[in-house]
Amino acid sequence: MTDIIVAEGGRTVGAPPSVHRRNWAWLGLVPFLGFLFLFLVVPAISVFSGALKDNDGQFSFVSMRAAFTGQNLDAFWFSVRFSAGSALVGVVIGTLLAYAAATATRPRWLRNLVTAFSGVAANMGGLPLAFAFLTLLGKQGVLTKVLKEAGWDLYAGDFGLGEVPGLIVVYSYFNIPLMVLITLPAIDGLKQSWREACANLGGTTWTYWRRVGLPVLAPSLLGGFLLLFANSFSAYATARILTQNSLIVPLRIAFYLGGDINAGEDAIGFALAAWMIVVMVVCMSIYWVARRRAERWRS
Amino acid sequence: MSDHSIHVAMPELEGPPTAPTAMAPRPVGKPRVRFARLVPNTVMIVCGVFFVLPLLTLARFSLQNVPTILLGSSTLFKKWSLVGLTKAFSDPDFWPALRLSLQLAAGTVVLTLGLLLPTAIWVHMRLPRARAFIEFLTVLPYMIPAIALVAGIFVIKPHARWFLNSDLSLIPFYVVLALPFTYRSIDAGLRAIDLKTLVDASRGLGAGWLTTLRTVVMPNMRTSIISASFLTAAVVIGEFTIADTLLKETLPRFQATFVGREPQAGYGLNLLALLLTIGLFVTLSVLTKKRDYKRNSFTRQLEKATKMTSDTTP
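In order, the protein sequence lines correspond to chains A and B. Heads up, the first sequence is in this note's numbering, so the first residue is 10 and it goes up one at a time. Heads up, the second sequence is in this note's numbering, so the first residue is 3 and it goes up one at a time.
It should be emphasised that the hints constitute simulated quantities derived from the structure, not laboratory data. Since we're looking at a predicted model, the values are computed, not measured. This list has only true hints and no planted wrong ones.
Quick look at which bits of chain A chain B covers, simulated, 3 or more residues with Cβ under 8 Å:
#1 33-43
#2 54-65
Examples of chain B residues lying across from chain A (beta carbon under 10 Å, computed):
#3 M46
#4 T247
#5 T279
All residues carry an ideal CB built from backbone N, CA and C; glycine is no exception.
Generate coordinates for the entire structure from the input sequences, incorporating the hints supplied.
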């Protein structure tokens, strides 16, 4: 907290420090901070307080451990797999698409179309998306039928929209556009002069990307990966419509919260949520650091 | 300079040796553009298909009453109608769900603006040092996703039934969910207008605080207030996680259950919801583009002005 204030304060504060006035000004933040405390901090802490109790209400790690063993561990592993897969697809295709849009010259509206559509699609998770994919790739989906008639029966194996490959395809619908929004500014930041400098020194296109382009983009790519991972890992609505698969952590949490389960088992739901918050905090913290590094090259 | 053109000429050795202009420093990469565009263009086309197909099949399912099994060249153009889109409106559960969602959206917008506008203005005017801290707080909801937030609500539930039993108790949590978007939008609006100068000028001319807010700050903030409201409305109208786990019968809950009863009309309703969201975001992007334009011209004028003063005051 103090770090951030110092970093920002170095530039912006011009007024001579007046202890009296400063103390008074902080009071203006009380309504906002109070609101956040009540409706964000208290629930977040409650998750941990609910997770760190045993049946008798005593402090214990039993639930936290139970949430990380057996079927629950399988669920985490499953969720990590499809989230990482979908983030990877999002990073690669999203970056390529952003590059294609940034360098396209021919139809002038193309770039605007890509950014505008990305803004929409990145926020299009949730129910309609899930239903749209059911009509495309569900058991009765149009593409499923077309592929079957072409000789490829999707559902002959263990394909399903609730399995890893299916989830990767569906989540790519909002992950790719999100990645476009993240990397487009970074790609715009690649200066033509760097490319020329590289060529002047005898480098090929390959050298340019390996020695200049990708290293400069690396923080954005890493940050993007983490953001997409977090995005997929915590998505509930889309998964809920697509599948009953209880290996998806958010669905599992909801199952423990709302289900008719034995007393004390709801603590496992809280513990799963607590682990999820831990995963999110780790991802977002690294994302934050990566973003700061990525901004270094922008001017 | 001449040194450089020699190096540039190096890759040209592969080209036709008869080109005498090879020594001129041409923009690098230009000669091979045709080939270089192959990968980006392919990516663009594949993505275009991927992003449009699900929407088309959703539209087909909503508008054409032919099961996929029977779909073929002979049935492709049969039984299209708009019935699938309107049927939901005659369901008795639809209107209460829509009403609740609109109430939640309105409440969330009001609470968001009431909370964020004064805070953001205060931070810009009096506490610029706290800006990074506030910004950090507003992205906290990214770390506590909706499903984890709802787990927290379940822990508190036994102690706060009087509050959580009300459907409208979702409002503050929706404010929290939308916070990363809304605060950024308002903050960007404030950054664009050089608030301090405007307020100082207004106060210097004798206006009180309220007059300043009403006649100087608010009109300049109009676009960012509207876009913050749109974003909030879009988030609330599409929110499913919290409503579903707390069993509040909002529009998305209805969208999910109605499909089970009336598949075609259910998909039609989801198509409408999708179009509504797209409409909101397109309006939003048009609005922000205007603001960026305004902001740029403002900055340009400011730069011109400062240049002029610095020219005359050496």
